[in-house]
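These protein sequences, in sequence, are chains L and Y.
Quick note: the first sequence, position 116, residue 116 per the working numbering, numbers continuous.
Quick note: the second sequence, position 173, residue 173 per the working numbering, numbers continuous.
FYI, nobody ran anything at the bench for these hints, they're computed from the structure.
Backbone N, C-alpha and C fix where the C-beta goes; we use that ideal spot for every residue, glycine too.
Among the clues, some could well be false.
The calculated DSBU-like cross-link candidates involving lysine-lysine, where the alpha carbons are at most 30 Å apart (straight line), are [stated by the list, open to error]: (1) K335/L - K87/Y; (2) K89/Y - K278/L; (3) K89/Y - K338/L; (4) K152/L - K89/Y; (5) K237/Y - K89/Y; (6) K338/L - K278/L; (7) K145/Y - K225/Y.
Partial list, derived from the structure: chain L residues whose beta carbon lies under 8 Å from chain Y [as the list claims (entries may be wrong)]: (8) T39; (9) S41; (10) D47; (11) G144; (12) K241.
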Amino acid sequence: MTKVGRARIVAILVLAASVSWAQEEESLDDLFNDPVDDTVSEATPTDHLAQFVTDDKIRFSGYFNAEGGVVAGWTSWPVVSDPSAGFDGTVGLTATANLYFDARPDPDFRFYGYMTTSMNPLAGAATWSGFSIGELFIDYTWLGDVFIRMGKHDMAWGQARLFEGVTDIMADAVSGFSLRASLPTLLSGVSVIGMINRADVTSYRQICYAAKVDEVLFGTMLSLGARYQLDEGLNALVSVKRVLWSVDLLVDTVLHYDDEAFYPRVLAGFFREWPDIKLYGEYYYNGETEGGQDHTAGLACGFNNIVGSQLDLGLQWIHAFIDGSGSATAGVTWKPWKYITATVAVPVAYGPDGSRYVTTFNEDVADRRLALVFGLEMEVSF
Amino acid sequence: MNRYRLPIALSIALAALGSVQAQGTDYSELLKRVDATVTFEGSDLSAEYTIVKRDPGGATSTTVATMFRRDATGQFLILILAPAIDKGKGYLKEGDNLWLYDPVDRVFTFTSAKERFQNSSFRNSDFNRSNFSKDYTPVSGTREKLGKFECTVLELRATNDTVSFPRMRIWVTDDYLVRKIEDYSLSGQLMRTSAIPSYQKVGDKWVAAGMVILDHLKTKNVGGKVEYERTTVTIAKPSLAALPGSVYTKEYLEKVAR
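Isolated chain Y (complex conformation):
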């Protein structure tokens, strides 16, 4: 028996070493594939977002917005359609910069892109193109079953401080679609969990059909159960119709806001 131990141990060690190396490479490559699957480099993307926020305890509020996005230049423009009190408000992102427009006061406000969108758990940065491969580096990966999905679970660390969360865990199915995200603070506290159970294909790329987000920082004990602020996002009527470049400007936002 002893004469087999060394070769077996060596082969296990070599396999493990090979696996780590392969996984290290594969995970970075996997992130690139994830980005490529949901990024529209060759066209504009527009869609209607319905965002329903349910406070811990039950009160709900709904925001409807139209989004126009140009991934090739990192721009987006968002116009609020509802509720009536916010109708005409707009968001314009150029690179890392975000402008908010208030049509009542005719004022543009320059602000951080990381903030919460309309005070929901959905963040302004969530409208951005997917950029996992540049903003994060994978530090480990495992295989895990998530409901009916077989997933690769990647633990990610941010490569820069412009992202909303310095640490993340993402569940990626074998078709390179992210199904679940856990966002963590630098100290490891779970900040937010997002689920994307289903996608819709537009052209040869994919867009989430719906998302559910739990904000772990906004909690309430309801009947002995800890409830989090829950935000449900529905993305409808995705379109690749070409848009003029002037759409992604402050003047355009000012012009179209009602």
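So that you can see chain L by itself, here it is in the shape it has in the complex:
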């Protein structure tokens, strides 16, 4: 073959490769061939804030949830010689309905609440419980800079995901009556709280007082909180969080002090999220337990759309070092129809009989060690 011939072949191959490459790659450059002309925006400014702070009528919304399922498994480890030993099955059905209302007649005033009712026909009469108040509070902005929330309302302190609530020293707020005043422009937020969380409060000395200060220093979030009530004693919270290489690193420390005891509770953890994967791990030390050896660790991972399917996979493992018990759960969920989520899970509880995750913290109503769970959930917000 002549040089000219070889050159032609090389040129054709290069051209073919470049054409092939151009066909494979999605490009945005075509958008610039005939784009919409740049425009001048309308002179009248839109008040985007108004849609959030005022409303000329009360907004009602609702939430309905119904869950049903079957759990079958063994309350003791299955044995080949007698597979029916310790085998047990349970059917469950619960339903919850919430009705919310939200009034915002003025940018400085809001009235919000919700009523809730539930039904558990397999554990009692097939009737709805009476409506109870879930939350009921007002928001009032005083002098433009002080936010006041007063009434029955929830608040969350602490950062735990896996061991939820263990360092949240205000976890019971929703069952009391609280007055919270916040100064959001001081540091990264300062809040003081007075809460009535018991019956027959006749003196200011019986009120529960709390305060919290948030500040971000050198990219690290620091949160200091304290709660005091005469009969409960003092609980002080120090929360630290920093994001390093896209990993959330967090530590909560709660120090409890009263006339009879002084002990710490410590939670440390990490959280990392990718587009279709969430991974988090936590360690929890509870100094309240006698002996000071109560260490627990957990790891959880969630995968969305596994192998390109509509299935989501969740894995969770928790281990209590104090008695060698633990639980491991693998579950798959998918949404076959609108509002419906189906779940298949296999929870395993290991450790000595009567131990923490075999009995005390076993979420199975029959304390099964090995089970197969199938559940259907309908959840609708409207």
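Given chain L's structure and the hints, the job is docking chain Y onto it.
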């Protein structure tokens, strides 16, 4: 002929040297002009964002959010309006710090501002004011035609590690508007391509009217063609209405979230 070679060579060399020096200066200045053209130092900016994410292969999801931004203090607040499951979620940025608010659990989460917004190719940091001139230094520049636009193409290197991407190429038209951005990793891998074909003028500044973003890390071969995750962002109703300072606080986010 020879007697002309030295002066010609000298003049070319001097011109080239002068050009490099001039370009070095001009490109830094150009970045400042780019920032100034889209930065609202003297007022708040609010707008409605519609973000449509199309996964490689076709499934789409839409997020609608309202954004409030104060460039003078580096703050923004974002409230999600749709989809219903995320309604009431909010983002608050103060400096380099970002708080996420979940109204269901009443929990604020402190996190990195670089993460993807609502799992799309649009990043939380994309809501920030433009800060090319401080976050990047230009290392080279060329002229290039991009569709109907004559552009200066700048290759940029990050000056700090707080930015989402350490290397970038940007296409800037002569009116100082960025029309196209290619984001690269430190090793030079193309991570994301963004196109901003049209802008809208608000007051004496400019806001993108729409953006299209391709995420080169999320791909799928569809019928022999490589498709990327494609995110289309539409920015509507831009407004310079003044906002109270208390808007950019966690308590405000908690108060207005539905």
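Structure-based check of all given hints:
1. K335/L - K87/Y: Holds: K335/L and K87/Y sit about 20 Å apart, inside 30 Å.
2. K89/Y - K278/L: holds (19 Å)
3. K89/Y - K338/L: Judged against 30 Å, a Cα distance of about 22 Å means the pair holds.
4. K152/L - K89/Y: Given pair K152/L, K89/Y holds - Cα atoms ~22 Å apart, limit 30 Å.
5. K237/Y - K89/Y: With a Cα-Cα distance of about 21 Å, the restraint between K237/Y and K89/Y holds, given a limit of 30 Å.
6. K338/L - K278/L: Status holds; Cα separation ~24 Å.
7. K145/Y - K225/Y: Roughly 26 Å separates the two Cα atoms, so the pair holds.
8. T39: Status holds, d = 5 Å.
9. S41: holds (5 Å)
10. D47: Hint holds; D47/L Cβ to chain Y Cβ min 6 Å, cut 8 Å.
11. G144: At about 6 Å, which falls below the 8 Å cut-off, the nearest Cβ of chain Y leaves the hint on G144/L intact, so it holds.
12. K241: Status holds, d = 5 Å.
The structure fails none of the hints (numbered hints given earlier).
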